[in-house]
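Trainee: Knowing the structure of chain A, use the given hints to seat chain B on it.
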Amino acid sequence: MFWRMVFQLLRGSRGRLAVAILAIVSGAAVISALLNLDLGVQNKLTQQFRTLGANIVISPASGAPAQISAAEVPSLMPERDVLEALRKLPSAQVTAAAPYLYIVARAQNHPVVVAGTWLDQAQKLDATWKLEGNWVASRADDARCLVGRNVVRRLHLAVGNPLEVHYLDRSAQCNIAGIVDAGGAEDNQVFASLRAVQSLANLPGQIGLAQVSVTGTARVVAEYSARLAAALPQSQVRPIRQVAEAEGALLGRIRLLIVSMVLLILILTALCVLGTMAALAMERRKDVGLMKSLGGSISRIVGIFLAEVGVLGAAGGLVGTILGAALSYWMGLRVFGTAISPRWEVFPATIALMIVVTLTGALPLRMLGNTKPAEILRGE
Amino acid sequence: MVATLVQVDNLRKEFGNVRALDGVSFRVDAGEWIAIMGPSGSGKTTLINILGGLDTPTAGQAMVDGTDVARLDEAGLTRFRAEKIGFIFQQFHLLPYLTAVENVMLAQYFHSTTDEKEAQQSLERVGLGDRIEHLPSQLSGGEQQRVAVARALINHPKLILADEPTGNLDEANEDIVLSLLRELHAEGHTILMVTHAPSIGRLADRRIEFAHGHLVQSAAALKPELA
Numbered sequence: 005m006f007w008r009m010v011f012q013l014l015r016g017s018r019g020r021l022a023v024a025i026l027a028i029v030s031g032a033a034v035i036s037a038l039l040n041l042d043l044g045v046q047n048k049l050t051q052q053f054r055t056l057g058a059n060i061v062i063s064p065a066s067g068a069p070a071q072i073s074a075a076e077v078p079s080l081m082p083e084r085d086v087l088e089a090l091r092k093l094p095s096a097q098v099t100a101a102a103p104y105l106y107i108v109a110r111a112q113n114h115p116v117v118v119a120g121t122w123l124d125q126a127q128k129l130d131a132t133w134k135l136e137g138n139w140v141a142s143r144a145d146d147a148r149c150l151v152g153r154n155v156v157r158r159l160h161l162a163v164g165n166p167l168e169v170h171y172l173d174r175s176a177q178c179n180i181a182g183i184v185d186a187g188g189a190e191d192n193q194v195f196a197s198l199r200a201v202q203s204l205a206n207l208p209g210q211i212g213l214a215q216v217s218v219t220g221t222a223r224v225v226a227e228y229s230a231r232l233a234a235a236l237p238q239s240q241v242r243p244i245r246q247v248a249e250a251e252g253a254l255l256g257r258i259r260l261l262i263v264s265m266v267l268l269i270l271i272l273t274a275l276c277v278l279g280t281m282a283a284l285a286m287e288r289r290k291d292v293g294l295m296k297s298l299g300g301s302i303s304r305i306v307g308i309f310l311a312e313v314g315v316l317g318a319a320g321g322l323v324g325t326i327l328g329a330a331l332s333y334w335m336g337l338r339v340f341g342t343a344i345s346p347r348w349e350v351f352p353a354t355i356a357l358m359i360v361v362t363l364t365g366a367l368p369l370r371m372l373g374n375t376k377p378a379e380i381l382r383g384e
Numbered sequence: 055m056v057a058t059l060v061q062v063d064n065l066r067k068e069f070g071n072v073r074a075l076d077g078v079s080f081r082v083d084a085g086e087w088i089a090i091m092g093p094s095g096s097g098k099t100t101l102i103n104i105l106g107g108l109d110t111p112t113a114g115q116a117m118v119d120g121t122d123v124a125r126l127d128e129a130g131l132t133r134f135r136a137e138k139i140g141f142i143f144q145q146f147h148l149l150p151y152l153t154a155v156e157n158v159m160l161a162q163y164f165h166s167t168t169d170e171k172e173a174q175q176s177l178e179r180v181g182l183g184d185r186i187e188h189l190p191s192q193l194s195g196g197e198q199q200r201v202a203v204a205r206a207l208i209n210h211p212k213l214i215l216a217d218e219p220t221g222n223l224d225e226a227n228e229d230i231v232l233s234l235l236r237e238l239h240a241e242g243h244t245i246l247m248v249t250h251a252p253s254i255g256r257l258a259d260r261r262i263e264f265a266h267g268h269l270v271q272s273a274a275a276l277k278p279e280l281a
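Which chain is which? The protein sequence lines are A and B, in order.
Counted from 1, the first sequence has number 383 at position 379 by my numbering; the numbering is strictly sequential.
Counted from 1, the second sequence has number 251 at position 197 by my numbering; the numbering is strictly sequential.
Derived by calculation from the structure, the hints in this document are not laboratory data.
There may be inaccurate statements among the hints.
[To be verified] Pair ranges (Cβ atoms, derived):
no. : chain 1 : residue 1 : chain 2 : residue 2 : range
1   : A       : Val23     : B       : Arg81     : 48 to 56 angstroms
2   : B       : Arg125    : A       : Trp7      : 32 to 40 angstroms
3   : B       : Gly221    : A       : Ile271    : 45 to 53 angstroms
4   : B       : Asp229    : A       : Leu275    : 47 to 55 angstroms
5   : B       : Gly221    : A       : Leu267    : 49 to 57 angstroms
6   : B       : Gly181    : A       : Trp348    : 50 to 58 angstroms
7   : A       : Val23     : B       : Asn222    : 30 to 38 angstroms
8   : B       : Ala129    : A       : Ile271    : 30 to 38 angstroms
9   : B       : Thr112    : A       : Glu349    : 55 to 63 angstroms
10  : A       : Gly16     : B       : Ala129    : 24 to 32 angstroms
11  : B       : Thr58     : A       : Met371    : 35 to 43 angstroms
No residue lacks a Cβ here, since even glycine has one placed at the ideal position from N, Cα and C.
This is chain B alone, in the form it adopts within the complex:
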């Protein structure tokens, strides 16, 4: 029997009068790859932020690996992010004054202790063994996103949250990053990925579609290789 890693029940998030999430409920099994889709402003990123402990819900429950994120205080959220979540952002969000390996080590530093060798291996794994000492400004967009993937994986998180991970990439780099995600999925990582692109959404095991803060559809994706 597959364990449930994410359990969301009647989740609500309001920004003033705006209801970004309105009674959302779903669950994700460990090892699943979920594509969260929907138009802009439908609440996808808000959901990811709550599940990642970057934001708190107005009401409802968001359980990740047995932890109700809504009940954590600031210190608890900090530990939760360090230990259980790996973020991949559309804008890469690397620190410009740190080299590729130092950006990866930064995640180690906030998690526990740094291990430069392990950080280097993580970069080699995403094909950046020859770019370890480069600053983000010396890397292409695809390379920067691969550094971000290495950083997201370095602490062996339970859940990888990817918000439009290929949104800023050209087609070639998009393929590289998607193939990395496929590898991670094959290794058993649980991935929640926000995307606009149906072609990318189809790579996931399941698609969860949002509209105006509501979950409108949850369906198994039709995998391209099976189509």
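In isolation and in its complexed conformation, chain A is listed as follows:
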């Protein structure tokens, strides 16, 4: 009889409840869309920030990463130690990682910075680079290299040309696979295989720098960085502050905006439900008087009304959540140019929020507890 009563109440009061239902559905739709955006945006932004490059740099503890000219004593670290430390940490968080050995060599009698690295990681670590030609797919490919566009211009080179570089009394040659347009210092550099550059510099197993791109929020990156630092006590491990802070600040602002909007919508929805329920409570006084005269305790009577409101919140929340998922999908396409998939955890969260809000909005029903049946039934 309890649920029969509840559904008859809902059916009988559907006109009166229409405004509350509309408020709950639209409130749930916007909240669900915002929550989906909040969760989705974190992923999208993290991905976007990863395209800005590495967010952790490992360098020798003694100071700035080494860029070795023929006359300098290099500050280096063992490649093996860095790789071992990276291997021990969870690889799922790492998007890309590469060691670097920089030397200042000469090409056609011009000084040129040559960076030995894992060329297969270049595209992942530096996704903003524009490349004319081809990437180098294997880190073991010693025969091919990437060359910055300023070097190409200065030395009158083109894709497919050979490039010979000299360092002390040694020399090495590679074919230009691609021309790098990074809009930065990389445009003045040559990128060759790490092994080839180590051999050219006669520094086998040594590197001057390593870059790591870690997926996750600024906090995740900081945590990963700290673990890496613990594993490499002889090296300096630093998150790149600008990227981490920009990411953290932007995500923080977006989250603050979304949380504020969710709170505002919850309050507005509760107020709307409150208004409807206040009117409904006045209408229901006669019903409550009658139920009391039939022997109904106030807890059982109010229980029926609260269940009615709870069903209203759950149903409105469910419909609104589905609409919100569609809304977030559309907003993702419009704002980020990529669809934001609905997150399953948003469904129960939104429905629970709407139930709580509607029950809060149903506070006027508490007034029914004071109903005096004798007064109501004689029409006062």
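Mentor: Coordinates of chain B only, in the frame set by chain A:
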């Protein structure tokens, strides 16, 4: 020997400065049909409300089936109403969004557990077997009052309190409801009925007449069939 079902002693009820009941005393035996009569504002409905546990007296005693209603707390009054009283109101007071059978089942729900079959039989008994699934808005006034009678009887109450049960009915429906009350009386139910109409009052075993909160007369009614 017939047991006393209702014993009222020196009952007083005040609403601010207004004394609705002023030292009322009487008793009702089990199985009696009592007509409570008097002009408007004489305290009839107040008495019914106190005996039904809908209101509490200012002073005095109102015993119903051995329970002093004046001493019950809110929870006690709730159980008392559910278990011992069947109300029939002038305004019918059916819930508009429940069907006839659901209105009857509502009383079962608050009493203990619902039994739809029994509720249907109760409606069949008052001649509404074909109106079970109708909403109150789809029923005539007489039919609504018969639903109210079925609802009042469903929990087998000790005392039926009827406040102007035919006050809103036309003559034909009044006859139907009165004949139902006669049947209930014949079956041994105890009925306290408030009425203005002397012709209806005469159907009862006894009339208790009120004026200005006082009981002015208690007399055996002259039954129409005996007149």
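Trainee: With respect to the beta-carbon atoms only, verify the hint that threonine 112(B) and glutamate 349(A) lie 55 to 63 angstroms apart.
Mentor: Because 60 angstroms falls inside the window, the suggested range holds.
Trainee: With respect to the beta-carbon atoms only, verify the hint that threonine 58(B) and methionine 371(A) lie 35 to 43 angstroms apart.
Mentor: holds (40 angstroms)
Trainee: Could you see if the CB distance from valine 23(A) to asparagine 222(B) stays within 30 to 38 angstroms?
Mentor: holds (34 angstroms)
Trainee: The hint says 47 to 55 angstroms between aspartate 229(B) and leucine 275(A); measuring C-beta to C-beta, is that right?
Mentor: This hint holds: roughly 53 angstroms between Cβ atoms.
Trainee: I want to verify a distance hint. Is the separation of the beta carbons of alanine 129(B) and isoleucine 271(A) within 30 to 38 angstroms?
Mentor: Distance hint for alanine 129(B), isoleucine 271(A) holds at roughly 37 angstroms.
Trainee: Is the hinted range of 32 to 40 angstroms satisfied by the C-beta distance from arginine 125(B) to tryptophan 7(A)?
Mentor: holds (36 angstroms)
Trainee: Verify the CB-CB distance for glycine 16(A) and alanine 129(B) against the hinted window 24 to 32 angstroms.
Mentor: The hint (24 to 32 angstroms, Cβ to Cβ) holds, given that glycine 16(A) and alanine 129(B) are roughly 29 angstroms apart.
Trainee: Does the beta carbon distance between glycine 181(B) and tryptophan 348(A) stay inside 50 to 58 angstroms, or does it fall outside?
Mentor: holds (56 angstroms)
Trainee: That 48 to 56 angstroms hint for valine 23(A) and arginine 81(B) (C-beta), does it hold up?
Mentor: Distance hint for valine 23(A), arginine 81(B) holds at roughly 54 angstroms.
Trainee: Indicate whether the distance between the beta carbons of glycine 221(B) and leucine 267(A) respects the range 49 to 57 angstroms.
Mentor: holds (54 angstroms)
Trainee: Within 45 to 53 angstroms: is that where the Cβ-Cβ distance between glycine 221(B) and isoleucine 271(A) falls?
Mentor: holds (49 angstroms)
Checked against the numbered hints above, the structure breaks none of them.
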